[in-house]
Structure formats: C-alpha cells, structure tokens
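**Student:** Protein chains in written order, with the numbering used here: chain D, 19 to 128; chain P, 193 to 308.
These aren't lab readings, by the way, just hints derived from the structure by calculation. Treat the numbers as computed from the prediction; the structure is a model and nothing was measured. Where is the CB? At the ideal position from N, CA and C, for every residue including glycine. A portion of the hints provided could be inaccurate.
Which residues of chain D face chain P? A few of them, derived with a C-beta cut under 8 Å, are [stated by the list, open to error]:
id, residue
1, Thr-52
2, Phe-57
3, Gly-61
4, Pro-62
5, Phe-81
6, Pro-83
7, Thr-101
8, Phe-118
Beyond 10 Å from chain D on every Cβ pair, some chain P residues (computed) [to be verified]:
id, residue
9, Val-196
10, Thr-199
11, Ser-219
12, Gly-234
13, Gln-236
14, Ser-262
15, Asn-263
16, Asn-269
17, Ser-271
18, Thr-272
19, Glu-274
20, Ala-284
21, Leu-305
22, Thr-306
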Amino acid sequence: LAKTTQPISMDSYEGQEVNITCSHNNIATNDYITWYQQFPSQGPRFIIQGYKTKVTNEVASLFIPADRKSSTLSLPRVSLSDTAVYYCLVGVDAGNMLTFGGGTRLMVKP
Amino acid sequence: KAGVTQTPRYLIKTRGQQVTLSCSPISGHRSVSWYQQTPGQGLQFLFEYFSETQRNKGNFPGRFSGRQFSNSRSEMNVSTLELGDSALYLCASSPGQGGTDTGELFFGEGSRLTVL
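When you get a sec, could you build the whole thing from the sequences and use the hints?
**Tutor:** Okay, here's the thing in structure tokens:
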C-alpha cells in the first residue's frame with residue numbers, strides 16, 4: 019500500500035520559487051505521481067502528473083529521481099494566489115486505494 | 193463542458209440518520225471516485241466506480257456504500273450517521289478506466305455534511 023509523506027506547511031514570498039517534496043517509498047512500478055492544488059471550500063484541482071525524470075507544463079515542473087521514491091513539485095515565481103494546500107497522489111494498482119498525502123499548506127506572503 | 197456536479201452542497205443530519213449524496217460526472221467520464229475530507233484526517237479515499245462496478249474501496253466501515261448508474265452518475269450513502277462523519281465529501285470523475293489510469297481527477301465542489 020503506497021503511503022506518501024509531505025511537509026505540513028511552507029512559507030514563501032511573492033516571486034520566489036517554491037519546491038515541495040513528497041516521499042513515496044513503496045511506490046509500485048505502474049504508479050504515476052500526480053499533484054493537486056486545493057483552495058478553501060473547493061475541490062482539488064489537477065496541477066501536473068509524471069512517471070519519471072522531469073515534466074513541465076505552464077504552471078509547474080515535477081522532478082522525479084530514478085528510484086521514484088520521492089517527487090518534487092516546483093512552482094516558479096509564486097504569487098499570493100498560489101496560497102493553497104498542495105497534495106501529492108500516488109496511484110495504486112487496481113484492488114488497492116488511491117492515496118493522497120497529508121497535503122502541504124503553502125502560504126505566500128507579499 | 194460542465195464540470196462535476198455534487199448535490200446537495202450542504203446538509204445537516206442528526207446521529208443515527210442516513211444520508212445520500214449525488215455526483216454527476218463530466219460528460220463522457222466513466223470513472224467516479226469518492227473522498228472524505230476532514231481537518232484531522234485530510235483527504236481519504238472511499239471508493240471508485242467504473243461502468244457501474246466498484247473497482248477499489250478504502251478503509252471505511254460498511255456504513256459507507258455507493259453505487260454507479262448506467263449514465264455514470266454516482267451516489268454514496270452513509271447509514272447510522274455518527275458525529276465523526278461530519279466532513280466534506282468530494283466526488284471526482286476521470287476519463288480513464290480507474291485504478292492506475294486514474295491520474296487526472298476532476299473534482300466537484302463537494303457536499304458538506306454536518307452531523308449533530
């Protein structure tokens with residue numbers, strides 16, 4: 019059963035780069051790693067997904083080392099509107115459950 | 193394209209009652225999953241359905257059940273409500289086939305249940 023661990027909270031300032039790391043030591047071979055963003059009173063929103071190495075889209079980058087036991091979400095030049103909770107999700111083979119990490123509460127300050 | 197719709201958005205029940213929550217996925221999505229979110233436990237997976245079949249189930253008691261209809265709409269039911277069942281219940285749909293293919297999930301805004 020995959021289990022993920024993330025920092026509970028992080029603080030940053032506008033314009034800085036933020037890196038949030040998720041540990042998933044027993045990730046399975048077929049598992050993808052997906053990150054979500056959640057604002058208060060809203061459902062989580064997909065940010066990025068990857069399997070290995072590096073993935074980049076218009077809002078973030080995802081770095082996954084060769085052993086895939088961790089992943090790092092990188093948010094370039096954050097703004098106040100990036101203040102949210104960020105979740106790491108590791109999919110598990112059919113027959114098991116989808117496991118979200120505890121979430122990282124990011125606070126971006128002016 | 194309309195997003196995931198959950199009803200009702202808010203509801204208040206008393207201990208011992210039962211509740212049914214509804215979820216309409218994005219048109220064309222056949223996989224629907226449910227999550228419970230509480231301040232203390234975070235986002236916890238309840239169950240996942242694909243083509244009317246439950247594919248995965250989380251570690252919740254049998255009081256929590258669900259089903260999916262032929263039009264992919266889904267309902268979840270909680271019987272004999274307890275105070276600890278107060279939570280935000282989130283539904284997500286996916287174009288994939290569930291399981292490891294459930295990568296990009298599209299979430300609704302949730303149904304906030306308060307049990308008194």
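**Student:** Holds or violated: D/Phe-118 as interface residue toward chain P, Cβ cutoff 8 Å?
**Tutor:** holds (4 Å)
**Student:** Would you settle whether the hint for D/Pro-62 is holds or violated, based on the nearest Cβ-Cβ distance to chain P being less than 8 Å?
**Tutor:** holds (5 Å)
**Student:** Is P/Ser-262 truly not at the interface, in the sense that its beta carbon sits beyond 10 Å from all beta carbons of chain D?
**Tutor:** holds (21 Å)
**Student:** Could you let me know if the closest chain D CB is still more than 10 Å away from the CB of P/Thr-272?
**Tutor:** Per Cβ check, P/Thr-272 is outside 10 Å of chain D; nearest 23 Å; holds.
**Student:** Taking the minimum C-beta separation from P/Ser-271 to chain D, is that value above 10 Å?
**Tutor:** holds (21 Å)
**Student:** The output says P/Thr-199 does not contact chain D. Does that hold with a beta carbon cutoff of 10 Å?
**Tutor:** holds (14 Å)
**Student:** Per the stated criterion, does the least C-beta distance between P/Ala-284 and chain D lie above 10 Å, as a non-interface residue requires?
**Tutor:** violated (7 Å)
**Student:** Holds or violated: is the Cβ of P/Glu-274 farther than 10 Å from all Cβ atoms of chain D?
**Tutor:** Per Cβ check, P/Glu-274 is outside 10 Å of chain D; nearest 21 Å; holds.
**Student:** Could you let me know if the closest chain D CB is still more than 10 Å away from the CB of P/Val-196?
**Tutor:** P/Val-196 not clear of chain D: closest Cβ-Cβ about 7 Å, inside 10 Å.
**Student:** Verify that the Cβ of P/Ser-219 lies farther than 10 Å from every Cβ atom of chain D, and report whether the claim holds or is violated.
**Tutor:** holds (18 Å)
**Student:** Measuring Cβ to Cβ, find out whether P/Leu-305 lies farther than 10 Å from everything in chain D.
**Tutor:** holds (14 Å)
**Student:** Would you check whether D/Thr-52 satisfies its interface hint, that is, whether its CB is within less than 8 Å of any CB in chain P?
**Tutor:** At about 5 Å, which falls below the 8 Å cut-off, the nearest Cβ of chain P leaves the hint on D/Thr-52 intact, so it holds.
Going through the hint list in order, the structure does not satisfy hints 2, 5, 6, 7, 9, 12, 13, 20.
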